[in-house]
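Please model the complete structure; the sequences and the hints are all you need to start from.
In order, the protein sequences belong to chains C and U.
Residues in the first sequence are numbered from 72 upward in steps of one, following this note's numbering.
Residues in the second sequence are numbered from 20 upward in steps of one, following this note's numbering.
None of these hints come from the bench; they were simulated from the model.
Heads up, the beta-carbon is just placed ideally off N, CA and C, and yes, glycines get one too.
One or more of the hints may lead you astray.
Pairs of lysine-lysine residues, derived as DSSO-like cross-links and limited to a Cα-Cα distance of at most 27 Å, are as follows [to be verified]: (1) U/Lys183 <-> C/Lys519; (2) U/Lys228 <-> C/Lys503; (3) C/Lys492 <-> C/Lys534; (4) U/Lys260 <-> C/Lys519; (5) U/Lys328 <-> C/Lys319; (6) U/Lys260 <-> C/Lys396; (7) U/Lys304 <-> C/Lys346; (8) C/Lys124 <-> U/Lys183; (9) U/Lys233 <-> C/Lys519; (10) C/Lys319 <-> U/Lys323; (11) U/Lys328 <-> C/Lys346; (12) U/Lys304 <-> C/Lys319; (13) C/Lys292 <-> U/Lys328.
To spell it out: a stretch of chain C is covered by chain U in this simulated footprint if at least three of its residues, at any positions, have a beta carbon under 8 Å from a beta carbon of chain U; those stretches are [what the hints assert, rightly or not]: (14) 117-125; (15) 265-274; (16) 517-525.
Cβ-Cβ distance ranges computed for the label pairs, FRET-style [to be verified]: (17) C/Pro522 <-> U/Met20: 33 to 39 Å; (18) U/Lys148 <-> C/Ser423: 54 to 60 Å; (19) C/Val543 <-> U/Tyr201: 28 to 34 Å; (20) C/Asn93 <-> U/Leu110: 36 to 42 Å; (21) U/Glu207 <-> C/Lys343: 55 to 61 Å; (22) U/Leu110 <-> C/Glu252: 45 to 51 Å; (23) C/Ser423 <-> U/Asp329: 31 to 37 Å; (24) C/Gln433 <-> U/Gln263: 56 to 62 Å; (25) C/Asn400 <-> U/Met46: 37 to 43 Å; (26) U/Asp209 <-> C/Ala202: 30 to 36 Å.
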Amino acid sequence: MAGLATSFGSGAMTNSINEIPNAEVMFVIGSNTTEAHPVIGTKMRQALAKGAKLIVVDPRCIDLAEQADVWLRLRPGTDIALVNGIMHIILAKGWEDRGFIAERTEGFEKLKETLQKYTPEYTSQITGVPAEQLEEAARIYATAERAQIFYTLGITEHSCGTDNVLSLANLSMLTGHIGKESTGVNPLRGQNNVQGACDMGALPNVYPGYQQVSNPEVRAKFEAAWGVPLDPNPGFMIPDMFDAAVNKQLRALYIMGEDPVMTDADANHVRKGLKALDFLVVQEIFLSETALLADVVLPGASFAEKTGTVTNTERRFQMVNQAIKPLGNAKPDGEIICELANRMGYPFPYASSAEVMEEIAQLTPQFAGISHERLGTQGLQWPVPTADHPGTKFLHKGKFNRGKGLFVPCENQLPHEQPDKEYPLLLNTGRKLSHYNVFTQSSEGLIKNSPEELAELNPIDAKQIGISDGDVVKVASRRGELNTKVKVTERVPAGMLFMTLHYAGSPTNVLTNGAYDKVTKTYEYKVCGVKVSKL
Amino acid sequence: MEWFTITIDGREVSVPKGTTVLEACRMNNIPVPTLCHDPELTPSGACRLCVVQIEGMRNLPPSCVTQVAQGMKIETQNPKVRAARKTILELLVANHPLDCMTCEKMGNCSLAEYAYEYGVKGDVFAGEKRDLPVDNANPFIIRDPNKCILCGKCIKACTEIQGKSRLDFSFRGFNTQVGPAYNIPLNESDCDFCGSCVSVCPVGALTEKQMAGKGRPWEVTKVQTTCPFCGVGCNFDLNVKDGQVIGVTSNPQAPVNGKALCVKGRFGMDMIYSSRRVTTPLIRKDGVLVPAEWDEALDLVASKFREIKDAYGPNALAALSSAHCTNEENYLMQKFMRAVIGTNNVDHCART
Numbered sequence: 072m073a074g075l076a077t078s079f080g081s082g083a084m085t086n087s088i089n090e091i092p093n094a095e096v097m098f099v100i101g102s103n104t105t106e107a108h109p110v111i112g113t114k115m116r117q118a119l120a121k122g123a124k125l126i127v128v129d130p131r132c133i134d135l136a137e138q139a140d141v142w143l144r145l146r147p148g149t150d151i152a153l154v155n156g157i158m159h160i161i162l163a164k165g166w167e168d169r170g171f172i173a174e175r176t177e178g179f180e181k182l183k184e185t186l187q188k189y190t191p192e193y194t195s196q197i198t199g200v201p202a203e204q205l206e207e208a209a210r211i212y213a214t215a216e217r218a219q220i221f222y223t224l225g226i227t228e229h230s231c232g233t234d235n236v237l238s239l240a241n242l243s244m245l246t247g248h249i250g251k252e253s254t255g256v257n258p259l260r261g262q263n264n265v266q267g268a269c270d271m272g273a274l275p276n277v278y279p280g281y282q283q284v285s286n287p288e289v290r291a292k293f294e295a296a297w298g299v300p301l302d303p304n305p306g307f308m309i310p311d312m313f314d315a316a317v318n319k320q321l322r323a324l325y326i327m328g329e330d331p332v333m334t335d336a337d338a339n340h341v342r343k344g345l346k347a348l349d350f351l352v353v354q355e356i357f358l359s360e361t362a363l364l365a366d367v368v369l370p371g372a373s374f375a376e377k378t379g380t381v382t383n384t385e386r387r388f389q390m391v392n393q394a395i396k397p398l399g400n401a402k403p404d405g406e407i408i409c410e411l412a413n414r415m416g417y418p419f420p421y422a423s424s425a426e427v428m429e430e431i432a433q434l435t436p437q438f439a440g441i442s443h444e445r446l447g448t449q450g451l452q453w454p455v456p457t458a459d460h461p462g463t464k465f466l467h468k469g470k471f472n473r474g475k476g477l478f479v480p481c482e483n484q485l486p487h488e489q490p491d492k493e494y495p496l497l498l499n500t501g502r503k504l505s506h507y508n509v510f511t512q513s514s515e516g517l518i519k520n521s522p523e524e525l526a527e528l529n530p531i532d533a534k535q536i537g538i539s540d541g542d543v544v545k546v547a548s549r550r551g552e553l554n555t556k557v558k559v560t561e562r563v564p565a566g567m568l569f570m571t572l573h574y575a576g577s578p579t580n581v582l583t584n585g586a587y588d589k590v591t592k593t594y595e596y597k598v599c600g601v602k603v604s605k606l
Numbered sequence: 020m021e022w023f024t025i026t027i028d029g030r031e032v033s034v035p036k037g038t039t040v041l042e043a044c045r046m047n048n049i050p051v052p053t054l055c056h057d058p059e060l061t062p063s064g065a066c067r068l069c070v071v072q073i074e075g076m077r078n079l080p081p082s083c084v085t086q087v088a089q090g091m092k093i094e095t096q097n098p099k100v101r102a103a104r105k106t107i108l109e110l111l112v113a114n115h116p117l118d119c120m121t122c123e124k125m126g127n128c129s130l131a132e133y134a135y136e137y138g139v140k141g142d143v144f145a146g147e148k149r150d151l152p153v154d155n156a157n158p159f160i161i162r163d164p165n166k167c168i169l170c171g172k173c174i175k176a177c178t179e180i181q182g183k184s185r186l187d188f189s190f191r192g193f194n195t196q197v198g199p200a201y202n203i204p205l206n207e208s209d210c211d212f213c214g215s216c217v218s219v220c221p222v223g224a225l226t227e228k229q230m231a232g233k234g235r236p237w238e239v240t241k242v243q244t245t246c247p248f249c250g251v252g253c254n255f256d257l258n259v260k261d262g263q264v265i266g267v268t269s270n271p272q273a274p275v276n277g278k279a280l281c282v283k284g285r286f287g288m289d290m291i292y293s294s295r296r297v298t299t300p301l302i303r304k305d306g307v308l309v310p311a312e313w314d315e316a317l318d319l320v321a322s323k324f325r326e327i328k329d330a331y332g333p334n335a336l337a338a339l340s341s342a343h344c345t346n347e348e349n350y351l352m353q354k355f356m357r358a359v360i361g362t363n364n365v366d367h368c369a370r371t
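The following block contains the structure:
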């Protein structure tokens, strides 16, 4: 989000999901789309059936890699070098879009300078990708009429995540592949309402609609609307919170609908932070690992038990409609927050979530035309500035939100922790098709279908360690250890162990590294050193 | 765009060039029965139930694969057309189990609907019936090949929507079947269990296992909503009976996904009733979480928050909001922290 906001002025998917079947070229990097975003994966396969070209950049032989025209099996954490190398080739061959660069962007000369050293040989050395493959990918992407980049956490969950994103934005602008139908840069959002939680200002530095808390005019608007003075200083990001808890700067934490013990990197540090708090409130639908540490657990209602809106990865506000009454004594999360606010002497007098949406629309120009009534069964894609605006299918047509698109040159950076003698394997993490984070383990059917962790390990490593398919092994990092069953497969390259984050029995995040991106403070889930040993 | 004027059952209508006769009829609310047609799939003309009479054509052409031409005169309900359709239905029903009263599809079965309309009882062509094993080994889909009418929609959904091509026809003639390669059970095949095949099956050959025996279509209320899992934002219908969610069915109007869903969205909603659900407030007393009343829990949280704010300032409190909660709830949470507590310490896990 921070990366695209810097380059384009808006941190969201530039195109719509239903533009995918008409794609001419798809450049998929750091996204196992068919498993993590299955229905977008089906749209990509529809495009392939119509003759679209596919470039896949991934260290693992994911499903899409098998269907790719070019599969670049890069070394994890070398994305910047790879993208720079591709841009170097594009310039050398004269495939850049000079008209677009001149009219719609700034900062090109600096980029050009940075790219000089990323020759195919140099790039190949860093990334492990043969020079011919780099050139083939450059040719397919740059010479297409319409080309879309898709990425997700394989790009952002690195200590250089923001720079990874900036590099992809550079690539799109260099070739003019942005601001048109089926042409753009598309971050695929993780959970159902990642986009919305960001849009609504559940972030320490912005109010709803990315209006900065540090901007006095913006703050004055919210102070007037809410009738209280507001703090001009940005608050803690998640990693800061656990550190602040350990050193007693933070005393109380109110967690709604998250399970950081399972999902945040370096779980043991998270646990330590939570235990150091004076008071922990967890509002949840399940008795999660985090809820088990709480002083008070407030039972929230599931999506089936409440009405409201969520915003998908293509910026579409859609209705969540109540189908059943909350189970037992559970209450919708919104109602619980209102009751707490009332008890703390600041009334939240909303009669329905529709009324909350009205307030959001009043305070946020880009959502000003959105109401529950208008969303109906089809939703609306923001920006929706007025009540008669039809919504926005793709962004940056003719002009970027920030005016000119900004090239921000980036240098390749090594992951914070590399495999070494003591921890010789690289741990990569992700999702699998049959589960969603730590949520779907409560579905009996899905658990029957896919009951346990199957860590992927290359046959070469398996042989060296002396384990075979189906064995249970111990995996350890500098931060923690766990046991898991192993699947021996060439899907992962030699030297890599791949695990998902789905199972409490093999809680992968006790292993992962708490290092994070300098801008977004997103953890480096994708790379750390581990060792595997026989039990 | 070029428009053609045609006549359907004596009614003059205009439709764009490239429209099929079937689409022209449906645009104008003229009913034509179909078993193998689906607007999201390419037409195959397999079931022949959509035949119509077109002036100047020798046979009865299937309307789903016949494009309109200027001045075309179409009849959709004359005796010749109806007789042809009835024969097709008689042939289908002749090799179809008649256990409708216990069939999951009852009330939502296209074959039964048309058999009723055309007065087909299955007593015209008596002969051998299939007796094939039912595939019930997986947690999600019951596949009863004895009920299959070989319309091929599941094959097309798997190929054209999902791009997986896991299903196809095997054998010939009377022995023709639909299934994965080598006719192995679905759970031994490469099937992902997205259930797109189930969503298009017009009869009881492919049904949702989790919904089996839980309710009839006319007892069920469908509530369109947005999937709670990933960021694609698929919509589907929650099927509700007696205040309980009994399963999920596709909603063809879903703006992002149409009828397509993945295994989690279609078959994972039993998580609503998971035994891990917490349905009453809990307060830690003597180190143990024990059930409490709402008032007690909320009063405790409010007083503790106030106490900590008074003692250490508003920045000693923080909140994690949720990428799984609604926009309105996220808005309320950040407003609560900013306006009520007085801090910008609010974040959530998906800031990337």
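Now the hints, each set against the structure:
no. : hint                              : result
1   : U/Lys183 <-> C/Lys519             : holds (22 Å)
2   : U/Lys228 <-> C/Lys503             : holds (23 Å)
3   : C/Lys492 <-> C/Lys534             : holds (18 Å)
4   : U/Lys260 <-> C/Lys519             : holds (25 Å)
5   : U/Lys328 <-> C/Lys319             : holds (14 Å)
6   : U/Lys260 <-> C/Lys396             : holds (12 Å)
7   : U/Lys304 <-> C/Lys346             : holds (16 Å)
8   : C/Lys124 <-> U/Lys183             : holds (18 Å)
9   : U/Lys233 <-> C/Lys519             : holds (20 Å)
10  : C/Lys319 <-> U/Lys323             : holds (16 Å)
11  : U/Lys328 <-> C/Lys346             : holds (19 Å)
12  : U/Lys304 <-> C/Lys319             : holds (23 Å)
13  : C/Lys292 <-> U/Lys328             : holds (25 Å)
14  : 117-125                           : holds (count 3)
15  : 265-274                           : holds (count 10)
16  : 517-525                           : holds (count 3)
17  : C/Pro522 <-> U/Met20: 33 to 39 Å  : violated (54 Å)
18  : U/Lys148 <-> C/Ser423: 54 to 60 Å : holds (55 Å)
19  : C/Val543 <-> U/Tyr201: 28 to 34 Å : holds (32 Å)
20  : C/Asn93 <-> U/Leu110: 36 to 42 Å  : holds (40 Å)
21  : U/Glu207 <-> C/Lys343: 55 to 61 Å : violated (45 Å)
22  : U/Leu110 <-> C/Glu252: 45 to 51 Å : holds (47 Å)
23  : C/Ser423 <-> U/Asp329: 31 to 37 Å : holds (33 Å)
24  : C/Gln433 <-> U/Gln263: 56 to 62 Å : violated (38 Å)
25  : C/Asn400 <-> U/Met46: 37 to 43 Å  : violated (51 Å)
26  : U/Asp209 <-> C/Ala202: 30 to 36 Å : holds (35 Å)
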